[in-house]
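From first to last, the protein sequence lines stand for chains A and B. Just so we're aligned: 211 in the working numbering is position 211 of the first sequence, and the numbers increase by one with no gaps anywhere. Each position in the second sequence, counted from 1, maps to that position plus 1000 in the working numbering.
To be clear, the hints were calculated from the coordinates, so they are not data collected in a lab. One or more of the hints may lead you astray.
The calculated lysine to aspartate or glutamate pairs, modelled on EDC-like cross-linking and capped at a C-alpha distance of 16 Å, are [unchecked claim]:
{"no.": "1", "chain 1": "A", "residue 1": "K102", "chain 2": "A", "residue 2": "D84"}
{"no.": "2", "chain 1": "B", "residue 1": "K1350", "chain 2": "A", "residue 2": "D193"}
{"no.": "3", "chain 1": "A", "residue 1": "K202", "chain 2": "A", "residue 2": "D133"}
{"no.": "4", "chain 1": "A", "residue 1": "K102", "chain 2": "B", "residue 2": "D1303"}
{"no.": "5", "chain 1": "A", "residue 1": "K10", "chain 2": "A", "residue 2": "E43"}
{"no.": "6", "chain 1": "A", "residue 1": "K202", "chain 2": "A", "residue 2": "E161"}
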Amino acid sequence: MRILVVEDDKDVGGFVVRGLKEAGHVVEHADNGRDGLFLAASEAFDAVVLDRMLPGGIDGLRLVETIRAQKNSVPVLILSALADVDERVRGLKAGGDDYLTKPFAFAELLARVEALARRGKAEGPVTKLVVEDLELDLLSRQVKRAGQKIDLQPREFRLLEYLMRHAGQVVTRTMLLEGVWDYHFDPQTNVIDVHVSRLRQKVDKPFPVPLIQTVRNAGYMLRAESA
Amino acid sequence: MTQSSVLSRPFQDEASDRTAGGATRRLLRSAGVRFAAVYAVLLAVSAAALALFLWWATAGLLDRQTEAAIQADAQSLSERFASGALPALVLTIEDRLTQDVEDDAIYLLVDPGQRRIAGNLEHWPQGVSENGPWYELPIERAGMRSLALVQSYNLPGGYHLLIGRDVHVRAQLRSLLTDALLWALLVVAVMASIGALVVRSLFRHTLANVSATATAIAAGDFAQRVRLSGRGDEFDQLAETINDMLDRIARLMEGVREVSNAIAHDLRTPITRARTRLEDAALHAESAPELRAAIERATADLDGIVAVFQALLRIAEIEAGSRRAAFARVDLAPLIDDVAELYGAVAEEKGITLSVAAPSSLPAYGDRELIQQALANLVDNAVKFSPPGGAVRISASATPSGVDIVVADHGPGIPAADRERATERFFRGEIARSSPGSGLGLALVQAVAQLHGGSLHLEDAQPGVVAILSLPGHDEPASHG
Chain A
1 MRILVVEDDK DVGGFVVRGL KEAGHVVEHA DNGRDGLFLA ASEAFDAVVL
51 DRMLPGGIDG LRLVETIRAQ KNSVPVLILS ALADVDERVR GLKAGGDDYL
101 TKPFAFAELL ARVEALARRG KAEGPVTKLV VEDLELDLLS RQVKRAGQKI
151 DLQPREFRLL EYLMRHAGQV VTRTMLLEGV WDYHFDPQTN VIDVHVSRLR
201 QKVDKPFPVP LIQTVRNAGY MLRAESA
Chain B
1001 MTQSSVLSRP FQDEASDRTA GGATRRLLRS AGVRFAAVYA VLLAVSAAAL
1051 ALFLWWATAG LLDRQTEAAI QADAQSLSER FASGALPALV LTIEDRLTQD
1101 VEDDAIYLLV DPGQRRIAGN LEHWPQGVSE NGPWYELPIE RAGMRSLALV
1151 QSYNLPGGYH LLIGRDVHVR AQLRSLLTDA LLWALLVVAV MASIGALVVR
1201 SLFRHTLANV SATATAIAAG DFAQRVRLSG RGDEFDQLAE TINDMLDRIA
1251 RLMEGVREVS NAIAHDLRTP ITRARTRLED AALHAESAPE LRAAIERATA
1301 DLDGIVAVFQ ALLRIAEIEA GSRRAAFARV DLAPLIDDVA ELYGAVAEEK
1351 GITLSVAAPS SLPAYGDREL IQQALANLVD NAVKFSPPGG AVRISASATP
1401 SGVDIVVADH GPGIPAADRE RATERFFRGE IARSSPGSGL GLALVQAVAQ
1451 LHGGSLHLED AQPGVVAILS LPGHDEPASH G
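Excised from the complex, chain A in its bound form (with noise of 0.2 Å):
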């Protein structure tokens, strides 16, 4: 995918970027905001990563709501030191799609960029998610593995739901929580954990293939594992 990096730190930008790169990305670079913009505007991208705070005269913000209103609906991560709830909603008012405060951990990021370059590619509304042998019914609310039906709480079902819309990106715990139970905060105990562990013990231990697996430092992935 066509990533667009606009950081003005040297150590942070170039970390993302070679992040990014070694995940298989093309990306393109500018350290401040007036070059960010000229990118984002003249060329087409999957993704912008989006620092708030850049030189340049013009600054995250200004370049976000610009694009947007050139009608340019790039899916974009603001990335930002200023993690006050305020700052959080002005961020996503002037048109970010997610936003990650730093410090930041790159599994983070990564994983985040890639729902949100996904996300922007979604061919309309499905009413049947499904992952190797693994099948989710949106209209029944119907879990079948191999044939073989499994019964879910509501919570299990949104749970796996959002890994199979995710299937094959990483999904870190704090995507989890915003995005299956709406918890904007972190809980101090790895509660994430105990219900993926739960699911699991329906949808992977009584088969031979797992389908979730634990990616190490960043979340989960929904995939078979030979994949």
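Given chain A, put chain B in place with the hints provided.
Same frame as chain A, now just chain B:
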């Protein structure tokens, strides 16, 4: 810094500006000088107005009376001339002169050849030619020099009549009055200047009190307060307002100091740990995997530090009260169910029974996300400190004042001595110290409760803790600061 030097400082600047233009500008900028100038100008203007009125009421009145008398004379003489011609007029003038007790009337009737026919002047005065205007001129009458106010009238047949009054005495009186008033004005000017200086020094004196306090505080002496005069006047009210503000600032500063001390102490440990790990790895790691593992552990330590920072900032954000703008009606029942569901799995894993007893609807007024987080922190604590096989009970009920949410556990509890301090930032009791956590959980719950105008109470459950979070109902928006 001593008190006297503090007192003198705010006004030193005036003297230190040496250039004349600068000094003037500086003086004009001084409010004390402006007040003094206003006082002086007001006093001078009112004194001048008073003097003008006095003049008008005395000297002016005398002049007007003289003019009126002359005009009345002229009126009756011209009537006499019209009815009895020249001889009657001559007779009347002579009559009047003999009857003039005050000896100040002046008449002169001349023929077309300027020769005197009747009157008490020897000859027609020079310069008096026109009818109408008033002339004030020196005359000589019965060998005495004097001053007269006269008016001349033309009579039919080329005769001219001069009527006037000797105003010598009046002129003396007038000049006396003028002198007196001028002297009075001079006295007023001096008084105004002295008064202005007094006003200015009063003004300075009153402000010096406030100014000295402010200067002392700016220099770091936060114990200073503005002295009250005890008169209860506007300046006392101002002083009280300033003192209240200073008290509030002092409390806030105390809070900030506590937090920064806590940060300095409590973050030092994890930072030391991360640093040690990194240094140790740099010095002693023998292989790449070993090095990588050390770096990962240090990164995890740093993440922990970041989490503490975020919690601290969040508490500060809540305490600042800005979130109150986002308050709305919120049903607590589903929030409680959600939290119970989230932690239910963890509890089950630990063999703890987690039960919920709440009505199906619990309306309250507040910030949904913050209440959610406060609840999560309470349940998190309860589950964390409960022994395996224990029970955590969440119950909620509507009360007359709002909603009470009770989270009870069967853990080791909090000793009575620590219960007060349990909601302080970074406070961790003996038992908590050995388990993971930052010591900020209850501080956040407390901050959320206070933001909503509610409260957090910790009680002894023997064994365990009962945490009672009281929030106001939806009809009572929190209004306290």
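Could you work out which of the previously given hints the structure breaks and list their numbers from low to high?
Failing hint: just 5.
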